[in-house]
Amino acid sequence: MRTLALLASITLMPIAALAQVTVSSPWVRATVPGQTATGAFMTLHSAEDAKVTEARSPVASVVQIHEMKMEGGIMTMAAIPSLPLRAGQDVALKPGSFHVMLMDLKKPIREGDDVPITLIVETANHLRKAIEVHAKAKSAATASDNGH
Amino acid sequence: MGTNRRQAIGAMLGLVTLAGCNGGSGPGAARHKFNSVDISGGGLGGEFHLRDPEGRVRTLADYFGKVVVVFFGYTQCPDVCPTTLLRFKKVMKILGSDADRLQVIFITVDPERDTSEVLKAYLPLFDSRFLGLRGNAEETAAAAKSFRVFYERLPGPTPTSYVMNHSAFGYAIDKGGHARLLIPHDLEAEEVAEDLRYLIET
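These protein sequences, in sequence, are chains Y and A. Note that the numbering used here has the first sequence beginning at 1, numbered continuously upward. Note that the numbering used here has the second sequence beginning at 1001, numbered continuously upward.
Any given hint could turn out to be false.
[As the list claims (entries may be wrong)] Which residues of chain A face chain Y? A partial, calculated answer using Cβ under 10 Å: (1) Gln1076; (2) Leu1085; (3) Glu1117; (4) Lys1120; (5) Tyr1122; (6) Tyr1162; (7) His1166; (8) His1185.
[Claimed, not checked] The list that follows gives simulated cross-link-like pairs (lysine-lysine, BS3-like), each with its CA atoms no further than 27 Å apart: (9) Lys1090/A / Lys94/Y; (10) Lys1093/A / Lys94/Y; (11) Lys136/Y / Lys51/Y; (12) Lys138/Y / Lys106/Y; (13) Lys1120/A / Lys136/Y; (14) Lys1175/A / Lys1093/A; (15) Lys1145/A / Lys69/Y; (16) Lys138/Y / Lys1089/A; (17) Lys1066/A / Lys1090/A.
Everything labelled a hint here was simulated from the structure, so no lab data went into it. A quick note: this is a predicted structure, and the numbers were derived from the prediction, not measured. Even glycine gets a Cβ: it sits at the ideal position worked out from N, Cα and C.
In isolation and in its complexed conformation, chain Y is listed as follows:
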């Protein structure tokens, strides 16, 4: 066990040194049959300055990072080329700001489903790392990560 752990830490070290990004409370809004898009939410934390340049998921043909803005009572939603992660700061993807938009869904997402999402993170020195996220599908009528 100890050897394995040591081996693992040696193998992972160069990757960890690239970008220590942690993901907490990932969830996806479940859909009803016929609904072809939904959003994924989570909190990201990077030890160093980095940015999320891409998101992928096997459940959807089109995956983008969206920013929601409210201007003069008009809700606008638009894909952003990358999501900046400031060193040591939490970046919340939540209703009212950013979300991973999953579009052209291949099938409805049911409550309780495990939705795999891959985030591609790029550090300031252009090193790239794929981060695997498993987002749990919650009811469409969910307000935030704690489900209140």
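Once you've looked at the hints, dock chain A against the given chain Y.
The following block gives chain A in isolation, referenced to the frame of chain Y:
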């Protein structure tokens, strides 16, 4: 919400707002001070001719005698629309038995993807009394025009992955079918419930 902001929102929509004034809907009556933007007599039509998920034609006249809250959105929106529906779910709970004298209507700005089946399954997730209405492109445009609602479609990488931008206000219509309030998206459920209770009880 400050008077300046209320007036700015009203002006933006080309509506006459009387927030902060003592206008009065009846002779000598002092105007009730709402948390929402008061648009009584402001010229908002608030008419629609759409279909419910069972295919029945629905117009505002079907709901005379009830207070009606209308807002526009689309179910593919993962952000503001479900947040607004959740707020109205909370409003229904606060209103208790008065909630039966309120009809919440969600009008889709995306009838292409929001089919009757989608609306029928989606709205009850929030409250079984919520109603989703849709029309064809012309009927949707006519309803939006009557409420002075802005919406636009922004193309995505595939023909079906477009997004919609749209006004995120709610509109309260009194029991006589007159548009009374513009409900900002960030008002608390308690504030909205207080306003609606007044309209229900007067």
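Each hint, compared with the structure:
1. Gln1076: Since chain Y brings a Cβ to about 4 Å from Gln1076/A, closer than 10 Å, the hint holds.
2. Leu1085: 7 Å, holds
3. Glu1117: Holds, about 5 Å.
4. Lys1120: With Cβ-Cβ at 9 Å, under 10 Å, it holds.
5. Tyr1122: Constraint on Tyr1122/A satisfied, holds at 5 Å.
6. Tyr1162: Interface hint status for Tyr1162/A: holds (9 Å vs cutoff 10 Å).
7. His1166: 6 Å, holds
8. His1185: Holds, because the Cβ-Cβ distance from His1185/A to chain Y comes to roughly 7 Å (cut-off 10 Å).
9. Lys1090/A / Lys94/Y: 20 Å, holds
10. Lys1093/A / Lys94/Y: The hint holds at about 24 Å.
11. Lys136/Y / Lys51/Y: Satisfied, since the Cα-Cα distance of roughly 23 Å is no more than 27 Å.
12. Lys138/Y / Lys106/Y: 18 Å, holds
13. Lys1120/A / Lys136/Y: Holds, at roughly 24 Å.
14. Lys1175/A / Lys1093/A: Judged against 27 Å, a Cα distance of about 20 Å means the pair holds.
15. Lys1145/A / Lys69/Y: Holds: Lys1145/A and Lys69/Y sit about 23 Å apart, inside 27 Å.
16. Lys138/Y / Lys1089/A: Judged against 27 Å, a Cα distance of about 17 Å means the pair holds.
17. Lys1066/A / Lys1090/A: 19 Å, holds
The structure is consistent with each of the numbered hints, conforming to all of them.
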